[in-house]
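Visitor: Read off the chains here:
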Amino acid sequence: MSTIPGDLKYLPSHEWVRLEDDGETVTIGITHHAQDLLGDVVFVEMPEIGAEIVAGEEAGVVESVKAASDIFSPIAGTVTEVNEDLEDSPELVNSEPYDDGWFFKMKVSDTEELEGLMSPDAYKELCEAEEH
Amino acid sequence: MGSKTVLHDEHQNSGAKIVDFGGWDMPLHYGSQIEEHHIVRQSAGMFDVSHMTIVDIQGAQSREFLRYLLANDVDKLKETGKALYSGMLDDNGGVIDDLIVYRMPQDYRVVVNCGTREKDLAWMEKQAKSFDVELNERPELAMIAIQGPEAIEKVKAVKAAQAELIGRLSVFQGLEDSNWMFCRTGYTGEDGLEVLVPEAEAAAFWKALVSEGVKPCGLGARDTLRLEAGMNLYGSDMDESVTPLQSAMAWTVSFTDDRDFIGKSALVAQKETGVPNKLVGLVLEARGVLRGHQKVIVDGFDDGEITSGTFSPTLGYSVALARVPSETGDTCLVEMRGKQIPVQVVRPPFVRNGQKVYK
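Chains as they are written, first to last, in this note's numbering: chain A, 1 to 132; chain B, 1 to 359.
In short, the hints are calculated from the structure, not lab data. Worth double-checking, as some hints may not be accurate.
Unchecked claim - Sample of chain A residues facing chain B (criterion: CB under 7 Å; computed from the structure): (1) 40; (2) 42; (3) 43; (4) 63; (5) 65.
A virtual CB, placed ideally from N, CA and C, is assigned to each residue, including glycine.
Okay, chain A solo, but in the shape it has when bound:
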């Protein structure tokens, strides 16, 4: 069964978002359920640092043994950091999707956009519906 942390927000396309303590930076990754669907991850393509990302737009690509999949940014913002460890160790996306397997960080334009995202409960329902 997939794990779904209670302190994150989610997208129906299986990304997660965490608002950091500074109140304006978010960290983005893909969920346990997503990595399970993809299988072993072999490459991750990241956005450039400084890139202006529009909500709902493609911000990167994750390639697994099975398929290539776009990573969508849940909200608008400016990329401040990307997870360089994924260059040499893409398997972190499989083993620690919510921790060392994060993708990138953004300074968000408007934190209120987070309100529109899926709650852990709503995301859990979506995953269960997909599994049946």
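We have chain A already, so just place chain B on it with the hints.
Guide: Using the frame of chain A, we list chain B on its own:
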């Protein structure tokens, strides 16, 4: 719900992710398919391939029947147990299936793919009407492929009474012992065995192999291993719409004058008019993964297509098989996610016995 092999409970107990494969519920992986891939290249892994179809060909004219049915010539099998890889073609030279035929002490045994079982059996039955032969399917035999540099030693340890027989096997030979059959064949590019085992004894054998340190591996690793080894997958790399000459299988066609076989005249005609395309290997050393159905662009000629593509765990980059125009040179472009990416054109295999081998 699909068909289940006799080892289904073993897979579930080992935490397998089960997927549908040609109507069968089969393990895709037991955690990480890349880890399973490396284990086969470095030590020993095993695959449940009980879904494959085993047919015994018996009767006074079994030799004549197979010489007519198959593009390769069973007369090449001089010794008992020797195996031959062949295409089974239709009248147009299209590939109905690829298979392995063993010369048994009396007659022959063929192993064909699971997804093609019905049409293969129907085709063989139809052709058999003109010969004094009988076809007997052997669904009561399970099949386990144990592959990797340590595979044979580990099977010998589990089947001590058969260790001498296993040690005698030459490459591409299979020998029987009390309803079991030990074959030095496989689909990974490593040394190893494919063991045909009576269903009632299969689970105990599987468990004994696990205790010996043989790691269960799924269809995911089986696919990356066979692709690195440059081996075709029926339904992806070839089917009825192409001939062996368009499928890097010319080496499996025996064109001797004294023998007619189904599809021969079509192949001879195709050779005369020119084979329009060929199956080659592609290598992308940069980042990205080549995948089936991506378009291949060759300057000045028709487009080609990737038939199978994957990330190669052994090489650390992507490789593929692709059907491209016969004139294709050393490089071409692949359309990946809207971009045209240059790739090398090579002659498979990509990996043999754990090492990079393509040029």
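Visitor: With reference to the structure, classify each hint as holding or not holding.
Guide: Against the structure, the hints:
{"no.": "1", "hint": "40", "result": "holds (4 Å)"}
{"no.": "2", "hint": "42", "result": "holds (4 Å)"}
{"no.": "3", "hint": "43", "result": "holds (5 Å)"}
{"no.": "4", "hint": "63", "result": "holds (5 Å)"}
{"no.": "5", "hint": "65", "result": "holds (6 Å)"}
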